[in-house]
Amino acid sequence: MQETKKGKRTLIDASRLIIESMARAGADAFIGYPITPANLLYQYGAQRMPLMLAAPDEITTLQWMSGLAATGKVPITATSFPGYALMIESVNMAYMMELPMVIILVQRLGPATGTATCGAQGDLTLLRGNISGGHPMPVLCTSTFEDAWTLSAKAVELAINLRTPVVLLTSKEEVMTSKSFDMNTLPEITQVERKYYDMKCDGKYKSYKPTDLVPDFLPVTQDNHQVRINASTHDKEGILQHSNDEAMANTRRLEEKIRQKAHEYTLYHMEEEKDADKLIVAFGITAAAARDAVKQLREEGEKVSLLIPKTLQPAPQVYLEIMDSYKTVIVAEENMNNQFSDMIYGLNKPRNHRFVGGLGKMITPQQIIEEVQA
Amino acid sequence: MTTPFLNTDALPYCKGCGHSLIAKNTSKALEKLNYKPLDVIMVTDIGCHGIIDKCLNTHTVHGLHGRSVALGAGISFGTENPDKKIIVFIGDGGTTIGLQHIMEAARLNLNMTVVVHNNYLYGMTGGQTSGLTPVGFNTTTSYEGNPFGGYDICALSHTAGAAYVSRILGICDISDKLAVAFGTKGFSLVEVLEICPSYGIKLNPRRKLAEIVESSGMKIGEWSNQREEYVKYQGKKTDDLLARLPEIRKGFNSYLKAPMSLIVSGSAGEGVQLAAGLISKAAIGSGLHVTQKGSYPVTVGVGFSTAEVNLSPDSIHFHGINIPDMVIITSEDGLAHNRKRIENMATGKLFIDSSLEVPETGAEIIQHDFRSVGARNASVFAVFYFALKTGIISTESLFKVIEDEGKADKLPMAKIKDALSMVK
Numbered sequence: 024m025q026e027t028k029k030g031k032r033t034l035i036d037a038s039r040l041i042i043e044s045m046a047r048a049g050a051d052a053f054i055g056y057p058i059t060p061a062n063l064l065y066q067y068g069a070q071r072m073p074l075m076l077a078a079p080d081e082i083t084t085l086q087w088m089s090g091l092a093a094t095g096k097v098p099i100t101a102t103s104f105p106g107y108a109l110m111i112e113s114v115n116m117a118y119m120m121e122l123p124m125v126i127i128l129v130q131r132l133g134p135a136t137g138t139a140t141c142g143a144q145g146d147l148t149l150l151r152g153n154i155s156g157g158h159p160m161p162v163l164c165t166s167t168f169e170d171a172w173t174l175s176a177k178a179v180e181l182a183i184n185l186r187t188p189v190v191l192l193t194s195k196e197e198v199m200t201s202k203s204f205d206m207n208t209l210p211e212i213t214q215v216e217r218k219y220y221d222m223k224c225d226g227k228y229k230s231y232k233p234t235d236l237v238p239d240f241l242p243v244t245q246d247n248h249q250v251r252i253n254a255s256t257h258d259k260e261g262i263l264q265h266s267n268d269e270a271m272a273n274t275r276r277l278e279e280k281i282r283q284k285a286h287e288y289t290l291y292h293m294e295e296e297k298d299a300d301k302l303i304v305a306f307g308i309t310a311a312a313a314r315d316a317v318k319q320l321r322e323e324g325e326k327v328s329l330l331i332p333k334t335l336q337p338a339p340q341v342y343l344e345i346m347d348s349y350k351t352v353i354v355a356e357e358n359m360n361n362q363f364s365d366m367i368y369g370l371n372k373p374r375n376h377r378f379v380g381g382l383g384k385m386i387t388p389q390q391i392i393e394e395v396q397a
Numbered sequence: 003m004t005t006p007f008l009n010t011d012a013l014p015y016c017k018g019c020g021h022s023l024i025a026k027n028t029s030k031a032l033e034k035l036n037y038k039p040l041d042v043i044m045v046t047d048i049g050c051h052g053i054i055d056k057c058l059n060t061h062t063v064h065g066l067h068g069r070s071v072a073l074g075a076g077i078s079f080g081t082e083n084p085d086k087k088i089i090v091f092i093g094d095g096g097t098t099i100g101l102q103h104i105m106e107a108a109r110l111n112l113n114m115t116v117v118v119h120n121n122y123l124y125g126m127t128g129g130q131t132s133g134l135t136p137v138g139f140n141t142t143t144s145y146e147g148n149p150f151g152g153y154d155i156c157a158l159s160h161t162a163g164a165a166y167v168s169r170i171l172g173i174c175d176i177s178d179k180l181a182v183a184f185g186t187k188g189f190s191l192v193e194v195l196e197i198c199p200s201y202g203i204k205l206n207p208r209r210k211l212a213e214i215v216e217s218s219g220m221k222i223g224e225w226s227n228q229r230e231e232y233v234k235y236q237g238k239k240t241d242d243l244l245a246r247l248p249e250i251r252k253g254f255n256s257y258l259k260a261p262m263s264l265i266v267s268g269s270a271g272e273g274v275q276l277a278a279g280l281i282s283k284a285a286i287g288s289g290l291h292v293t294q295k296g297s298y299p300v301t302v303g304v305g306f307s308t309a310e311v312n313l314s315p316d317s318i319h320f321h322g323i324n325i326p327d328m329v330i331i332t333s334e335d336g337l338a339h340n341r342k343r344i345e346n347m348a349t350g351k352l353f354i355d356s357s358l359e360v361p362e363t364g365a366e367i368i369q370h371d372f373r374s375v376g377a378r379n380a381s382v383f384a385v386f387y388f389a390l391k392t393g394i395i396s397t398e399s400l401f402k403v404i405e406d407e408g409k410a411d412k413l414p415m416a417k418i419k420d421a422l423s424m425v426k
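For the record, the sequence lines run as chains B and E.
Just so you know, we're using my numbering here: the first sequence kicks off at 24 and counts up by one.
Just so you know, we're using my numbering here: the second sequence kicks off at 3 and counts up by one.
Calculated directly from the structure, the hints in this document are not laboratory data.
The reader is advised that the hints may include incorrect statements.
[Said to hold, decoys possible] Heads up, simulated DSBU-like pairs for lysine-lysine below, C-alpha to C-alpha not over 30 Å straight-line: (1) E:K221 with B:K218; (2) B:K218 with E:K426; (3) E:K179 with E:K259.
[Unchecked claim] To give an idea of the interface, some chain E residues facing chain B are shown, with a C-beta separation under 8 Å as derived from the structure: (4) G65; (5) A72; (6) H103; (7) A212; (8) E213; (9) K239; (10) D242; (11) R246; (12) K283; (13) L390.
Idealized CB from N, CA, C, for every residue including glycine.
Whole structure, please, built from the sequences with the hints as guidance.
Structure, rendered in structure tokens:
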């Protein structure tokens, strides 16, 4: 554990904070395949992680990560949509196998290759449904440099404790921008203590027998107990089954594990203004514009509250409760289709709901202000 | 007879299927090599062969179609104990879809053995043609015979660098042949040839395995490469990405009382990002808050290079720049990239190289020969000029950054100082 020097003002980018934070939390391998705008993360991962491997493609990336995770490593990678698209089947595999890992997904303008050097917030809908069956996979989203530090460690913790792949969602404008930053403000990160199956336990180890919804882990490299890891539908032992009761209970547990434990990872920032009847909601890069908008609106005497969601999946109920308690809700996100509100309301978007969208350009504070004052 | 590796004799395969033979002989070979079941990590692919999992007393890892070799490679990377044995079972279909993974593992000479169960077609999904189906062989998707030859997976793996490769017929006792592969340090691959009793035999009546192999043009045999073991050397590492970041102490003051946005733009290779970094760090040293980002074409070595810098006495959240307050342009590339934004400026300042045509703009125009110190240093000189003319940051604060970062020897400082001394 390294001590961060106190009172240190410097110029830093969020990529550096993310990788250092994950390393301190316990990530120990970076598997990389180059893609803009995630390359800085790869560069830092290579410098910092005890193990760095250059994969020949993103499918291999996820497979190597899964193999490493089966041996007890905590691997991470960084990519953008085109790479993530290739990873999805293997992300499902890791989810089914219950292998911890973090994928840093740096959003850029799509569809397809789109514009590699242009930011966007277009991948939330994809992340909501990328596990077959619609089972939730945790997604945390950074909106400040402080988040790049704290949420990155949290993503590693979540991956290890819940034995699941986790996506840390960010965007080009966050990880490729440098900022003056006081390192003094960074809280200490301690390495996540990993829980293993107690070898002293009597009886047979079953790879998918849960303790409080999460199975105890043993690596495939030890020789005390047989470990069975399986991407197909399986029973507690890890043996392939068609759809018997035990196997279905196991698949149901995958959903329950994330949903029931999600409350431990419900992270958001709420700035409540007394007597405000307007609420601005923004996550990721747009949260910065929202903060400036709120500041300016308040200076002009407007009463407005601000919600910055950080846990995006599974969607916490509290967002709906907060949004429902305001007369007017303005959601700003850099896409054309209001993916956050779709996640919260589906087709039943309330009449008091307004959307500030964007494509190929960061949403400005002025755009949000204009919608609030419209 | 039940062996330590198999927990049953009743293997889940059709009568006459070579997969049973491979499973039993794998067990026998591992026994011969004195492995214990939990020394072995068996990775299986999708296909009939993959359902062997439940019959094994080894560790078992059952992955996706075609990806098992990459999954096994990940396990190999993470396995410190060289006495552990990683074996991947894969079919000819999995080999087809996951060809790249096999080539990669062979190229890196990872410590593992791949056993290709080549029965010339996709058995589990209904007998379709695979990439390893030989020419003329009938399948449910080529009733008149496969018009193409199959991949020679042994030749490909050998060429890619496998330490040991063999092709064998899946008949009689193959345990000694498998044991050679299992005993190899580094990457080994065995292609075991079989005929699927459910589809292959029915669709290719009266054909014998040896004759099919001969007609395919592929030889039974073994091939090897003298390979060094895979080296896990990782190069020089840091144990803290933050520790070596230079601390920027406040040694100067700035009169800036409100946020200001600045664009520095020129051509690739002319120090634009370096120059923007100097401003950013000098501004931090002057007590300001800063954001900085770069923009350049995909081919980073040619065309424009633009840096966007925000300076503010207060912390900065939104860092986008629509219409900048100030712009520094040192080349035609930079002008072309920012012309629209310059034209939209109603106020502010435009610092532009005197060789360039000045666009229509509401900004105050300040022309100077920035390229006089050489094209490569035009942007660095321009930011000194900017500092001198605006006073937002001092030239001393810029010199301090150059000194602190040990860049004084790499930049023509004397030339820049001379050029600055001539500025009125």
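Structure-based check of all given hints:
1. E:K221 with B:K218: Violated, because 51 Å separates the two Cα atoms, which is more than 30 Å.
2. B:K218 with E:K426: violated (69 Å)
3. E:K179 with E:K259: Distance ~80 Å between K179 of chain E and K259 of chain E Cα, so the pair is violated.
4. G65: holds (5 Å)
5. A72: holds (3 Å)
6. H103: holds (6 Å)
7. A212: Violated. Min distance 34 Å.
8. E213: Violated, because the Cβ-Cβ distance from E213 of chain E to chain B comes to roughly 36 Å (cut-off 8 Å).
9. K239: Holds, because the Cβ-Cβ distance from K239 of chain E to chain B comes to roughly 6 Å (cut-off 8 Å).
10. D242: This hint holds: D242 of chain E lies near chain B, its Cβ roughly 4 Å from the closest one there, short of 8 Å.
11. R246: Status violated, d = 10 Å.
12. K283: Status holds, d = 6 Å.
13. L390: Constraint on L390 of chain E not satisfied, violated at 22 Å.
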